[in-house]
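A.B. asks: Could you build the full structure based on these sequences and the hints that come with them?
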Amino acid sequence: CSYFWFKNDSYQILNILILISIIFSSIIYSNDYIWPNDYEGEITTTFCEPRSRRFHAGIDIRTKGEIGSNIYAIDSGYIYRIKIEPYNYGKAIYLKLNDGNIILYSHLINFNKDIEKLVKNLRFKYDSSFFDHILNENELIKLNKGDIIGYAGDTGSLGGPHIHFEIRSKDNEPINPLIDYYDIHDTIPPLANSITFIPINKNSWINNIQDYQTFDLFKKNNNLYELIDTVNIKGKFGIAIETHDEINDLLIFDFGVYNIDLIIDDELIYSITFDKYNFIENPLIYTERDYALLQKNIKAHRLFNKKNILSFIKKDDSMNLNLNKKHHDFLINISDVQNNITQVKGVISTDSLKNKAIDFGEGNTDNINGEINIKYMDTGLIIEFIENTYTGLIPELKISFKDNQKYYKVYRKDKKTVASNIINPNGIDNISIIYNVGSKITFEKKIITINPKEEKEFILPNQITLKNINTESFYNDMLLSINEEKNLPISEDFQIITNPLTINPTNIPFKKKLKLEYKSDVNNRYAFYKYNKEKKIWTYIETTNKDNKISTKISSGGTFCILGESKQPNIYNIYPILGKTYKKDVVDNISFNIDDQISGINPYKIKIIINDKKIFYDYIKYRKLVTANLENLVLGENKIDISIYDNLNNVKNINGSFLIIE
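Numbering (my numbering), first residue to last: 1 to 662.
Keep in mind the hints are simulated off the structure, nothing from the lab.
Incorrect hints may appear among the rest.
Across the chosen pairs, the derived CB separations fall in these ranges [stated by the list, open to error]: (1) I252 to S157: 15 to 23 angstroms; (2) D132 to N424: 45 to 53 angstroms; (3) K409 to L224: 37 to 45 angstroms; (4) I34 to F215: 23 to 31 angstroms.
Dumping the calculated SDA-like pairs for lysine to any residue here, alpha-carbon to alpha-carbon at most 25 angstroms [to be verified]: (5) K513 to F458; (6) K120 to D612; (7) K621 to Y212; (8) K446 to N388; (9) K325 to D229; (10) K486 to I382; (11) K416 to K583; (12) K583 to I459; (13) K306 to L479; (14) K512 to E454; (15) K530 to N282; (16) K515 to I459; (17) K446 to N462; (18) K125 to E85; (19) K406 to I434; (20) K64 to K583; (21) K511 to K533.
Glycine residues also receive a C-beta, built at the ideal position from the N, C-alpha and C atoms.
C.D. replies: Pasting the structure below:
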């Protein structure tokens, strides 16, 4: 624009005001993003909600089950990256805006015509249906605000159609889109379900028990919850709060909250604000979400952080907390992005006696029986003996170490459980529970322990090698233990290559993945499997087969073994139907469903050959669907060859033909 200056001062002032107005409006416009689709304000998840070993880096936007609805460029910029993968984001597009922010749209079913043309060329370039490509200067595709960037779908890892949407800074840090860029209609305060008190060390007691103690909260009104009973605490402790948010007109979904503040005696002790984070913080998610509670389906935020500080933790004095009075008031303020606030109130008492005995009445000592259970805490082990029938007795605990043995006191934790205090587990070899009634009754549990400070790899009893063991692999000081499993059911579909064993702890995740490795023959058809205790099934875990060795990486303990199987995967609902005749221009794509119930489909090894020509394809895991565009079909016979593989390299081949007529 050109601006002309006149001698008349009023004209000069007018031009200055116009220039200021244009500059100011352009600044406002740069952050005035439009909504990414036609369902403005409708979301299904919020920023930083927990995912497996990571935080949710954006928001999920509703498509109301539609596939193929429009997705828009929220502002002007250019496409600089395209990624297509069978899992995770599926079909994803990265838009760099003129203001420097990076926008990610994922789970698309298709891109716009210009992008699809480039995708077709890139598949030939990479000779693959899947790729991750950074566009060069000659490939950049410019988009204006409001242009269609693609169409919503259900590709990748998800449970139904939606748009995963991220705003990242120019430094590639995820930003909460609902703070500065979008406004959601929400007048409902967050909900608080339960509160858990957690002992921090061997001197910590919660209500005279050295273990997690979870309490339901009483809802006094929509903005206030109370812990009715006073909690007696001795020593250092942590708090975890189970909470979620609700949003007007979206009540079928549970959402993450935005801010949590822990206040004790009017002093701010801990504060979380989910405004942004860095991808390198993903492995630290279980310093913020309590993994042991998550396994019980309690989604709780830890309001203490022993070692690892996350960028969205705004204050942390939890380790310096000193309770020096008999009673302390605590207050937890929980808010969403619209500043709807919920409060949780309660009282902590330090005027408690350690380990008061609870009288459960007279027990039955006629048939003493039960099971030794090892419970892993952040700072050590708790040895429990769970009785089949309440005995009323307090047995002895003897622990044999590699070079000595020690006796420990136990207390009755509940009616059928006796337990030790938190014990340093270093070097434990055998655990004995001894009842002194007439002739002694002894229960034993043999365990194998691995100290990451001393051993970098370890050959397990079933000849699997555990690798990458080091102190950096864990959030806190950790001791691994191994025990064999002899009575777990294994389907007749499997060939048992190694016996099952359990790597403990199963309730505390690893910060970095450990590696399992096993020597194998070159043509093996077996892999690592993990036992799902709830479903009582063995599930395949991603296995690499290289140099006569199979290997996998594990992010937590569990029960593992190596199984083989030779059952072929399944192909069904093939279109065009083999042996059928179709008119010209009616058939423009091929589609079929694939499935494998035992090890799962390998989406990278799908092969489609039409008239001796390789065809690139899309794989939609959610629908078990493979689709591909067909070009240059011929009049007359068109030959089809399809091969699919499962994750153990079992293959299913289908071949045939169909006719095209005028």
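A.B. asks: Compare the structure with each hint and give your call.
C.D. replies: For each hint, the structure was consulted:
1. I252 to S157: 15 to 23 angstroms: Holds, at about 21 angstroms.
2. D132 to N424: 45 to 53 angstroms: Given about 46 angstroms between the Cβ atoms, the range holds.
3. K409 to L224: 37 to 45 angstroms: At roughly 42 angstroms between Cβ atoms, L224 and K409 fall inside 37 to 45 angstroms, so the hint holds.
4. I34 to F215: 23 to 31 angstroms: With a Cβ separation near 45 angstroms, I34 and F215 fall outside 23 to 31 angstroms, so the hint is violated.
5. K513 to F458: Holds. K513 to F458 sits at ~15 angstroms (cutoff 25 angstroms).
6. K120 to D612: holds, 19 angstroms
7. K621 to Y212: violated, 39 angstroms
8. K446 to N388: holds, 20 angstroms
9. K325 to D229: holds, 18 angstroms
10. K486 to I382: holds, 24 angstroms
11. K416 to K583: violated, 74 angstroms
12. K583 to I459: Violated, at about 63 angstroms.
13. K306 to L479: Distance of about 18 angstroms is within 25 angstroms: holds.
14. K512 to E454: holds, 17 angstroms
15. K530 to N282: holds, 23 angstroms
16. K515 to I459: holds, 12 angstroms
17. K446 to N462: holds, 16 angstroms
18. K125 to E85: Roughly 16 angstroms between the alpha carbons, so the hint for K125 and E85 holds.
19. K406 to I434: holds, 13 angstroms
20. K64 to K583: Roughly 35 angstroms between the alpha carbons, so the hint for K64 and K583 is violated.
21. K511 to K533: holds, 23 angstroms
Violated hints for the displayed structure, listed by number in ascending order: 4, 7, 11, 12 and 20.
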